[in-house]
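Counting in numbering that gives the first Met the number 0, the first sequence runs from 0 upward without gaps.
One thing to keep in mind: the hints can contain errors.
In silico lysine-lysine, DSSO-like type, Cα no more than 27 Å apart, as pairs [claimed, not checked]: (1) Lys120 / Lys147; (2) Lys147 / Lys78; (3) Lys147 / Lys44; (4) Lys138 / Lys14; (5) Lys138 / Lys107; (6) Lys107 / Lys149; (7) Lys14 / Lys147; (8) Lys107 / Lys78; (9) Lys186 / Lys120; (10) Lys84 / Lys44; (11) Lys84 / Lys38; (12) Lys145 / Lys266; (13) Lys107 / Lys147; (14) Lys14 / Lys38; (15) Lys120 / Lys14; (16) Lys149 / Lys78.
Pair ranges (Cβ atoms, derived) [what the hints assert, rightly or not]: (17) Leu201 / Ala139: 18 to 26 Å; (18) Asp79 / Thr188: 22 to 30 Å; (19) Gln23 / Met183: 51 to 59 Å; (20) Arg177 / Glu237: 15 to 23 Å.
Calculated directly from the structure, the hints in this document are not laboratory data.
Since we're looking at a predicted model, the values are computed, not measured.
Ideal Cβ placement from N, Cα and C applies to all residues, glycine included.
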Amino acid sequence: MPELPEVETVVTVLKRRILGLTIQNIDIYYDKMMDEDTKTLLIGKTISDITRQGKYICFHLNPYVLISHLRMEGRYFFKDIDEPKLKHEHVVFTLSDGLSLRYHDTRKFGTFDLRHLSDYKVVPPLSQLADEPFQIDPKALYKTLKSKHKAIKTALLDQSIIAGIGNIYADEILFSTRINPHRMTSKLTQKDTTNVVNAAILILNQAILSGGTTIRTYVSELGVSGRFQLKLMVHQREGEHCYVCGGSIVREVINGRSSFYCKTCQKR
DNA sequence: AACGAAACCTGCGCGC
DNA sequence: TGCGCGCAGGTTTCGT
C-alpha cells in the first residue's frame, strides 16, 4: 500500500487516537510478525510519541521504539476488543482506553522491529535510510547520483539514496520533470536533480493533503478511507493518452517494477 | 557495484 | 466452475 504520504496519513491518525495510551496486552497470531521477547518488553509501556521516517512508523515506548513497516498491504484498524478477529489481523494491541489496535496485512510482508530509543536511528533498519525529499540537499543528491551507474527510476526507489518514494510517485515525479525512467543517474545534470527534488516535494505534499492516494481504496482508520483525489498522470495508465502531448503511455519493467511513462514527453 | 531472479505471502482479474 | 498465469503501492537475498 504505502509510500511516504500514506504512511504520513496513518501516523497522523494513530497520533490522534493512541498518544498517551498504555499497551496492556499484545496478541500475536502470526509468529513471524513479532517475537515473544518484543511482546514481553512492550506490555505496560506507554506510547509517548509516534513518528515517521521514510516509510517506517516509529512508536515511542520509552526506553524502546517499535518500528513498523507496512510494506505492500499493512494497515491499522481500531476496533472494540470483543470484535471477532479477522483472518488477516496478525497483531492485536490491547490499549488502556479499552480499544484494540489491530495490524492487518493480507500478504504478511510487514515487519516490526524493536530498538532502543537511544540509538534506533543509527542501527538498521533506519540507519540505511537516506534523507527524504523535504530535507535532502540537491547538491549532495546530485553528487550521489553522479557516482552511481543505474537508471534514475531504480535510484528513486532506492531508500538509501532518497527516502519515501515508491513505485507510483517515482513514475509521477519522472513524468513531471520530463525525465525518462531509463536515463542513467550519471547523466543527470544538477538542474535535473533539483527539478526531481522539487517535483518530489510537490507531489508528496499534494498526496499528503489528499490523505494518501490513489489506486485502490485504502483505509487508514475505520470509517476513513483514502480518496482518489490525486490525479495520476502516468502510473497505471498503459495505452491511455498522455495528458500533455496526447501520445500513448507505455509500460516497461525496470528493476523488476512496472514503470509507466510517455516516450514523447520523457526523452532519454 | 549493479542487475536479474527469487523469496517473503495472498488475492484478484483474466483468458481458456 | 475451475485452472493457471500475471499482477500488486516493498524490501532483502543470492548468484553472476
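Status of the hints after comparison with the structure:
no., hint, verdict
1, Lys120 / Lys147, "holds (25 Å)"
2, Lys147 / Lys78, "violated (47 Å)"
3, Lys147 / Lys44, "violated (44 Å)"
4, Lys138 / Lys14, "violated (34 Å)"
5, Lys138 / Lys107, "violated (38 Å)"
6, Lys107 / Lys149, "violated (30 Å)"
7, Lys14 / Lys147, "violated (38 Å)"
8, Lys107 / Lys78, "holds (20 Å)"
9, Lys186 / Lys120, "violated (32 Å)"
10, Lys84 / Lys44, "holds (24 Å)"
11, Lys84 / Lys38, "holds (19 Å)"
12, Lys145 / Lys266, "holds (19 Å)"
13, Lys107 / Lys147, "violated (33 Å)"
14, Lys14 / Lys38, "holds (21 Å)"
15, Lys120 / Lys14, "holds (20 Å)"
16, Lys149 / Lys78, "violated (45 Å)"
17, Leu201 / Ala139: 18 to 26 Å, "holds (20 Å)"
18, Asp79 / Thr188: 22 to 30 Å, "violated (56 Å)"
19, Gln23 / Met183: 51 to 59 Å, "holds (53 Å)"
20, Arg177 / Glu237: 15 to 23 Å, "holds (19 Å)"
In summary, the structure is inconsistent with hints 2, 3, 4, 5, 6, 7, 9, 13, 16 and 18 from the numbered list given earlier, while agreeing with the others.
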